[in-house]
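S.K.: Below are the chains, spelled out letter by letter.
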Amino acid sequence: MGATSGRRRRLVAASVILAVSVVAAACGSSSKSSSGTTVAGSNTSVAGVGSTAPPSGEINVFLIPSPSSTAIQSFIPEFTKQTGIKVNFTETPYGEAHQKELLSYQQKKGAYDVAQFDNTFLAAFGAAKVMTPLDDYLAKSSAYDIADFSQGQQDYGKYGGSTLGLTLSTEPMIQWYRTDIYDALGLKPATTWDEFKSNAEKVKAAGKGDGALIDFGPAATWWWMTLVWSFGGKLYDDNLQPTVNTPEAVKATEYMKSLLPLAPEGALSVDGDGVTGKFISQDIGAMIQYSGYYGFMQDPKTNKYVGKIGTAKMPMGTADITHLAGWNIGIPADSKNKDAAWKFLEFVLGKANAINFLNAGAAAIGRESITSNADLVAKEPYLKLLNIPSTSRIERYPQLKVWPEMDKAIQDTITNIFTGKSDVKSGLDGLEKALGPILAGEKG
Amino acid sequence: MTAPAGTLPEPGSAAIPAGRPERATRSRRPGWSARRRRLGAAVLTLPAWVLLLTLFAVPIAVGVYLSFRNEAIGSFARGRFVGFSNFRRDVFTSTFYDAVKTTAVIALMGLAIQLPAGIGLALLLHRNLRGTRFFRSALLIPMLLTPVAVGIMWRFMLDSDLGVMNWLLQTVGLGHVDWLGDQHSAVVAIVLVDSWQAIPFVMLLTLAGLAGLPESPMEAARVDGGSAWQTFWFVTFPMLRPVLYVILMIRVIDAAKLFDIIFILTRGGPGTATQTVGLLDYNTGFNFLQISRAAAIGVVLAVFTIPVYLLWTRAVRANK
Amino acid sequence: MSAARGSRAGRVAAYAVLIIAALTALFPLFWTVSTSVKDRVDSYANPPKFFNFAATWKNYRDLFGRPQFLRVYVNTVVITLASTVLCVVVGGVAAYALARHRRFHGRRPLEATLVLVRAMPGIVLIVPIYQLVTRFGLYDSRPTMVVIYATVNLPFSIWLMTSFLEQIPIEVEECARTDGAGRFHLFVFVIAPLALPGIAATMIFVALLNWNEFLLPVILAGNNAETLPVYISGFISNRTLDWGPMAAASSLAIVPIALLTVLIQRQLVSGLSSGAVKE
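Protein chains in written order, with the working numbering: chain A, 1 to 444; chain B, 445 to 764; chain C, 765 to 1043.
Any given hint could turn out to be false.
Chain A regions said to be covered by chain C (calculated; three or more residues, Cβ under 8 angstroms) [stated by the list, open to error]:
hint	region
1	124-133
2	179-185
3	386-399
Reference listing, derived: stretches of chain B covered by chain C, where coverage requires no fewer than 3 residues with Cβ under 8 angstroms from a Cβ of chain C [to be verified]:
hint	region
4	479-489
5	537-550
6	565-574
7	720-732
8	741-751
Just so you know, the hints here were simulated from the structure itself, not pulled from any lab data.
Quantities reported herein were computed from a predicted structural model and do not represent experimental measurements.
Virtual Cβ for every residue (Gly too), placed ideally from N, Cα, C.
Assemble the whole structure, with the sequences as input and the hints as a guide.
M.R.: Below is the structure:
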């Protein structure tokens, strides 16, 4: 009995400690949590006092973690100081972000006034009419200056003829290579896929590291479809019938599979970010990756090979295509403070702050004033790659609302192909069949 | 939802001695009629019923309703009744069967590792060697850690090029495993990480079971010259059976519910190699945004739990 | 005691197994904490650096520098606390009925429902709950999360407390009653204090389960109600480039639990499983 009561006493003590710490934290929070979302603006006590001119008030910004998001956040204090508009923001991981956005718009409570989204979801958002067309704002805004973008880039945020999102980043897939390895072996960045592969073979044969890396893991679809386009194929035709077992697609898939032995051994489990992560942590001759990762390459804290990484246009197959990706940012239709929201977008993404925005670590935006700025390009040569020549056909993520499911179906198929569970042709035949009903859902 | 800290069996089940409650119910209580007491008891369970009805019964009903419609997240069109088409499309398919198989494989492999390891460690600790308290603390630590964080740290350790696991394997000359990239090793990786958390739980309940056993039969066996193994197999093990049954039940349930660790480690990949039914359901509902199709998978999953429930209640009755 | 028995070789083997097992159990924890105080270059070093690195607080500074993180941590604490209290109060009252009354209306269905709730995979419930919650405008609200967390862990809490309450001798209650104590008094002043250790143990376990919950908040929480496991999982999809802050966030989730586990390990053995085997 004595032992038991001792035990009890200790247990009570433990629970009291737990309870006290929890209660203390809860009390501390109650004052904070009511203003929980008012994060950024709170440090400026001047906010809202100085300015009387509309628009004013408070806006909520929905962000998705990325260099662009980080850069946007760094502009908030200055914006609040200048306009008196208080800015709250939240970051939601990519995997859940778009579902949460759609949901929030469906609730029509005006939870967000500015929202970042992946271009992949432009169609879904457009079809659901959840974003505000920005064309009127754009027409009137010299501060934003839409004419600073080439026509192709102006169209990047358009759905059904109206602009639903500004370009938050311009990220073509480009070729990255290790200048030290390439120089040592006398290699040049590849212009064709055959060259790309033979470079990789040489790097590997010379024992300089792994040959090349693209994604074979959870994001492999993005690289696969790029290769399909580049080899002259497409994913589906104008009638939304899948075209993924054509000779072009088979060739592209075979090519992709042939790169696998040249990649680091864990390549099958590496995701999109992980491709860059590996490239800046271990010896790999080259990678194909979106240009938006450039920021990581310059930081010695993250990159083991600062100053040894070169960039070049993505190699070509039978077609000259540019896989263009990048974030959009816009104003949800249910926003209750659209003018203030626009003001914020204009401030952060306008022409005046364009260089500051880039210097804040954001993935570059393909404004001509940036991509043709000689000083900037001298410092960061990759910027000229964002000037996509009109000879190169721009391809984007399929603008389909069923894309997530289609992406997964492709992903599952090509994984089976890479791991040898099925061969290329029969795998793609199976995919062709599987995509039928999925694409049919697009019409319904 | 792995709930590593297991759960107790229902009151009155195998493991709970019925002595005290028996007395409790028979005792006479002056002033309160049996009927009033019973009514009072029912009233005490009302708050629990309110929660269980709103957040268990109602959702199940709504799930069944949804599964016959074509609702989608973010779709602004009104859903309509579509009969069994969700079931045809998402349940009676090879994708679904594969997911069932994956779930079963992960559960069975897990049991094959966790039960022997957990029981073995419990037997060692039960010998009360010097330092047992330290070892017991150390070995229990993984049990209650946040599965998401556990998944993250293991994912880092299992990285095929830079992870510490492969470094270790290579150092001892065992080569190099692409833990999360290969279809088979990804399953193994998930089973290992799940086991890392579950073995302490098995060990804990076994220890408690051992503590409750009388010493004399074991002594007798030893006096009769039985080896340690014989003593365990013919004396200890049969006496432990009720506790082991409970452990087995809980582990089967939790293995079928395993979600967090898979979500973090592989998200069901590579390809569909580790896509359990739970992951498949999640993907359908919250990646493809097809909430009605997800509900259909959920309905089937719910039906799967009925056998578990029957086994459980049978165990309770059998041991009464 | 059986302890003294066994050959020397047997003891050596036993220690060898225990030491290996303990290392396996503890190493990931050590690795997380050590990664959390490394620069990226050190955490990605090959061969790995176990001790030979310069520790840095940068990852923690980075983490706490993110306004969202503090809010998430506070959210997690608040939701954990509130749902634990709700779960233990509702569960405790029901457990009392189950422990003291063999037969009453709804006992069987209650027992059955509890087993089903415990056995049902969370995703089955979360899909319709998601639909309901969004329909009624209860999405991303902390009270919603509190109530759902409490329900999910209700079986565990009821079973645990039932077993504790059954250990309180009925005579105590009878004594109090003959002294004229009312029902409320009986409950608050007689039973509750006696049951306190059991209630405390239940609270701790339920709190840990709530603290760890992932599937519910990842689906039902937006910005306001986000919790730590969801926040940590966000690193995987976005910031695989730097394990430092990720390890720091993970450390902040699990180190308190590890300490608590050590602190209450005696109760883990005797308390948690008392219902399973005691006496």
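S.K.: Against each hint, give a clear statement of whether it holds in the structure.
M.R.: Verification of the supplied hints:
no.	hint	in the structure
1	124-133	violated (count 0)
2	179-185	violated (count 0)
3	386-399	violated (count 0)
4	479-489	holds (count 8)
5	537-550	violated (count 0)
6	565-574	holds (count 7)
7	720-732	holds (count 6)
8	741-751	holds (count 5)
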